[in-house]
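Residue numbers (numbering that gives the first Met the number 0), protein chains in the order written: chain A, 0 to 198; chain B, 0 to 198.
Please note: incorrect hints may appear among the correct ones.
[To be verified] Cβ pair distances, simulated, as ranges:
#1 T37/A to I147/B: 30 to 40 angstroms
#2 I147/B to A12/A: 53 to 63 angstroms
#3 T37/A to A194/B: 55 to 65 angstroms
#4 G118/A to G108/B: 33 to 43 angstroms
#5 Q150/B to T37/A: 24 to 34 angstroms
[Said to hold, decoys possible] One side only, chain A facing chain B, incomplete, derived with CB under 8 angstroms:
#6 R27
#7 L30
#8 M47
#9 A51
#10 I124
#11 L128
#12 A129
These aren't lab readings, by the way, just hints derived from the structure by calculation.
If you're wondering where the values come from, they're calculated on a predicted model, not measured in any experiment.
Glycine included, C-beta positions come from ideal geometry on N, C-alpha and C.
Residues per chain, in single letters:
Protein chains: 2
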Amino acid sequence: MAEGSDAIQALIAQIARLPGLGPRSARRVVLALIRRRTGQMAQLAALMADVADRSCACIRCGNISESELCPICADPARATGELCVVEDVADLWALERARVFKGRYHVLGGTLSALDEIGPDELGIPRLLARVEAESLSEVILALNATIEGQTTAHYIAEALVPTGVAVTGLAQGVPIGGELDYLDDGTIGAALRARRAL
Amino acid sequence: MAEGSDAIQALIAQIARLPGLGPRSARRVVLALIRRRTGQMAQLAALMADVADRSCACIRCGNISESELCPICADPARATGELCVVEDVADLWALERARVFKGRYHVLGGTLSALDEIGPDELGIPRLLARVEAESLSEVILALNATIEGQTTAHYIAEALVPTGVAVTGLAQGVPIGGELDYLDDGTIGAALRARRAL
Numbered sequence: 000m001a002e003g004s005d006a007i008q009a010l011i012a013q014i015a016r017l018p019g020l021g022p023r024s025a026r027r028v029v030l031a032l033i034r035r036r037t038g039q040m041a042q043l044a045a046l047m048a049d050v051a052d053r054s055c056a057c058i059r060c061g062n063i064s065e066s067e068l069c070p071i072c073a074d075p076a077r078a079t080g081e082l083c084v085v086e087d088v089a090d091l092w093a094l095e096r097a098r099v100f101k102g103r104y105h106v107l108g109g110t111l112s113a114l115d116e117i118g119p120d121e122l123g124i125p126r127l128l129a130r131v132e133a134e135s136l137s138e139v140i141l142a143l144n145a146t147i148e149g150q151t152t153a154h155y156i157a158e159a160l161v162p163t164g165v166a167v168t169g170l171a172q173g174v175p176i177g178g179e180l181d182y183l184d185d186g187t188i189g190a191a192l193r194a195r196r197a198l
Numbered sequence: 000m001a002e003g004s005d006a007i008q009a010l011i012a013q014i015a016r017l018p019g020l021g022p023r024s025a026r027r028v029v030l031a032l033i034r035r036r037t038g039q040m041a042q043l044a045a046l047m048a049d050v051a052d053r054s055c056a057c058i059r060c061g062n063i064s065e066s067e068l069c070p071i072c073a074d075p076a077r078a079t080g081e082l083c084v085v086e087d088v089a090d091l092w093a094l095e096r097a098r099v100f101k102g103r104y105h106v107l108g109g110t111l112s113a114l115d116e117i118g119p120d121e122l123g124i125p126r127l128l129a130r131v132e133a134e135s136l137s138e139v140i141l142a143l144n145a146t147i148e149g150q151t152t153a154h155y156i157a158e159a160l161v162p163t164g165v166a167v168t169g170l171a172q173g174v175p176i177g178g179e180l181d182y183l184d185d186g187t188i189g190a191a192l193r194a195r196r197a198l
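Same shape as in the complex, but just chain A (with noise of 0.2 angstroms):
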C-alpha cells in the first residue's frame, strides 16, 4: 500500500513510460485523474479507448487515418504533383500547422539506421519510389530533421530517386525565425552563410 491498490500501481507504470514522463510526474498526474475521476478520468479513457479502436495507417501515405486513405490523401484538391516525404506523423502535423504546403505527403516512419537494422525495406523505400513512378509527381520534397540520421537518408532517397527523374528538393537551412546569430550553433550559421540570398 505504498502508492495505492494494484491498478494504481500499475496505471503510474503505463503512464511512467509515455515520453516526457517519468515515475514522478506519473504519480501526480494519476492523483490529478483521480481527483477528477468521474468528469476528465473517465471521459479520457473513453476518448483513449475510442481512438486506439479506430485509428489506422493510410493505405498510401502511412499518416494516421479513420479510414484507409487519410483525409489528405483523399482529398483530390491536394493532387499537386508535389510529395513531401517526412520521418514522422509529428512532422506531418508540424507541417500542417505552418499551413504552407498544399500537396500530399509520404511517412516513412523512422530513418535509416544500420545500429537498429532499419534499412531501405524496412523504411518503405521501396514503396515510395513505386509511389513516384504510380503519380505523375513533379516535385519530391524531403523534409527530413537537420540531424545526420535524417540528412544520411535524405541522401539515399536522393540517389534512388534519380532513375525515376523527378525534382528532389530539400528544405533550406538557415538561421530560423527570431533567431540570434549569437546563440546559434557554428553549423547553422555556416549553413545560413553558404546558403546567402541576394536582398
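Based on the hints, put chain B in the right spot on chain A.
The following block gives chain B in isolation, referenced to the frame of chain A:
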C-alpha cells in the same frame, strides 16, 4: 486536419490539461500511444476506466481507496494511537514510501486559504477534531508542507487541538539528507541552526 481527427484533437486537449503537460508534450504522448495502439494504448484506456470506476475516498481518512475504508484504516496493526495529518494523498504516498510511520493518516485535501475561500469547514477540520476525540489517540503529527500555507494551517489545527489534550507535533525542519549548505536557502539554514542538537 492539422492534427488528426476530431477524436485525436480532443484526446490531445484532454492530455494537455494534466499537470506537467502542455500542448506540445500532449502531442508527443498521443503519437506515442497511437504507435502502440493495439498494445499499451488499449491497456491504458481500460486501466484508466477501471481506476476511475473503482476509486473513492476512504470515509475515515480521505485516502484513495477501493472500499469504504482504505487498507491503512482497515489494518488493525496501524491503530498505534498516532495520527499523521497531511495535505494531500501525494504526501501520504511519500510518507508510505519512506516506511517510517506505522500509524494512520488524515488527508485534509488542501490548506486554509482566504483567497480561495477555503476555511476550516471546507478542509474538514471539525471532522478531524471529532476523530481525535473519538479515537483514543496519543499523538497528532502535523506533516504539512513547509510552505506558508501549510504552516498557517498547522498552527490553526494545533490551536484547535489544545482542548482535546492530545500531544501535537510537527516535522523537524533542517538540512535535508545530502544537502549542501552552500546551496540551501537562508530560511532552512536558520531553522537548522535554531534546532541544533547535541552530538
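Now for the hints, and whether the structure bears them out:
no.	hint	in the structure
1	T37/A to I147/B: 30 to 40 angstroms	holds, 32 angstroms
2	I147/B to A12/A: 53 to 63 angstroms	violated, 35 angstroms
3	T37/A to A194/B: 55 to 65 angstroms	violated, 44 angstroms
4	G118/A to G108/B: 33 to 43 angstroms	violated, 56 angstroms
5	Q150/B to T37/A: 24 to 34 angstroms	holds, 33 angstroms
6	R27	holds, 5 angstroms
7	L30	holds, 5 angstroms
8	M47	holds, 4 angstroms
9	A51	holds, 4 angstroms
10	I124	violated, 20 angstroms
11	L128	violated, 24 angstroms
12	A129	violated, 24 angstroms
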